[in-house]
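Start from the sequences, fold in the hints, and give me the full structure.
Okay, here's what each chain looks like letter by letter:
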Amino acid sequence: DTGVSQDPRHKITKRGQNVTFRCDPISEHNRLYWYRQTLGQGPEFLTYFQNEAQLEKSRLLSDRFSAERPKGSFSTLEIQRTEQGDSAMYLCASSPPAASYEQYFGPGTRLTVT
Amino acid sequence: ILNVEQSPQSLHVQEGDSTNFTCSFPSSNFYALHWYRWETAKSPEALFVMTLNGDEKKKGRISATLNTKEGYSYLYIKGSQPEDSATYLCAFSRFDKLIFGTGTRLQVFP
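Read top to bottom, the protein sequences are chains A and S. So in the working numbering, the last spot in the first sequence is 114, and the numbers never skip. So in the working numbering, the last spot in the second sequence is 1110, and the numbers never skip.
By construction, these hints were calculated from the structure, which means they are not laboratory data. Backbone N, C-alpha and C fix where the C-beta goes; we use that ideal spot for every residue, glycine too. Be aware that one or more of the hints could be misleading.
Distance ranges between label pairs, derived from CB positions [stated by the list, open to error]: (1) A:D63 / S:L1002: 20 to 30 Å; (2) A:G16 / S:K1078: 47 to 57 Å; (3) A:A99 / S:Y1076: 17 to 27 Å; (4) A:E68 / S:S1018: 28 to 38 Å; (5) A:T2 / S:K1059: 16 to 26 Å; (6) A:E28 / S:K1059: 22 to 32 Å; (7) S:F1095 / A:G16: 19 to 29 Å.
Below, the structure is given as structure tokens:
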């Protein structure tokens, strides 16, 4: 399968714990995006990378959130000291250099904070 | 504040019915409008990307139209099948990110 992959698919954690998600984009896609979808809402933009550079962060991304893409390939999204409000589906997408407006999504990581 | 609105929020139809959804978006500084289909436990799948006013695109039984001057797009499904059951999302390109509507959840009963 050559699509965007995300790991894990599901994560249940207790409030206050740290969690980390991984996204592997489509090979040779230079842009990588993170979105979050909460119940009843559409996906909301969190941040994006062009190669290894993080170019934009949403105000939704509090200080407890950090994203990295150290070698311009896979990316990680870490949430520290999780809160119940962090429960959501976290989606990753990537886009190719020649068509940056086309975004291909992974299946998401569903986070439940108890 | 940029808002993308979709209606209806949910729809239940019988197999064979045709249906359509609406997406409204800001008409200023338009760049592209996207439709995605998102089935449970799968990745959102891109259906269409439309960039020009008057664009009409078709993929099998699904088609979409775009009016950038008034800021709306329609998605049509002809002869709905149970496998069309999914959430249909539209998204507006704003610089380097997508701004999504809340989606239309379609359920097709056999």
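Each hint, compared with the structure:
1. Between A:D63 and S:L1002 the C-beta distance comes to about 25 Å, which sits within the given range of 20 to 30 Å.
2. For the hinted restraint 47 to 57 Å between A:G16 and S:K1078, the CB-CB distance of approximately 51 Å keeps it satisfied.
3. A:A99 and S:Y1076 have their C-beta atoms about 25 Å apart, which keeps the hinted 17 to 27 Å range intact.
4. Take A:E68 and S:S1018: their Cβ atoms lie about 47 Å apart, and the range 28 to 38 Å is violated.
5. Judged by the Cβ atoms, the range 16 to 26 Å given for A:T2 and S:K1059 holds: they are separated by roughly 21 Å.
6. Between A:E28 and S:K1059 the CB atoms are about 25 Å apart, so this pair conforms to the stated range of 22 to 32 Å.
7. Look at S:F1095 against A:G16: about 35 Å separates their beta carbons, and that is not inside 19 to 29 Å.
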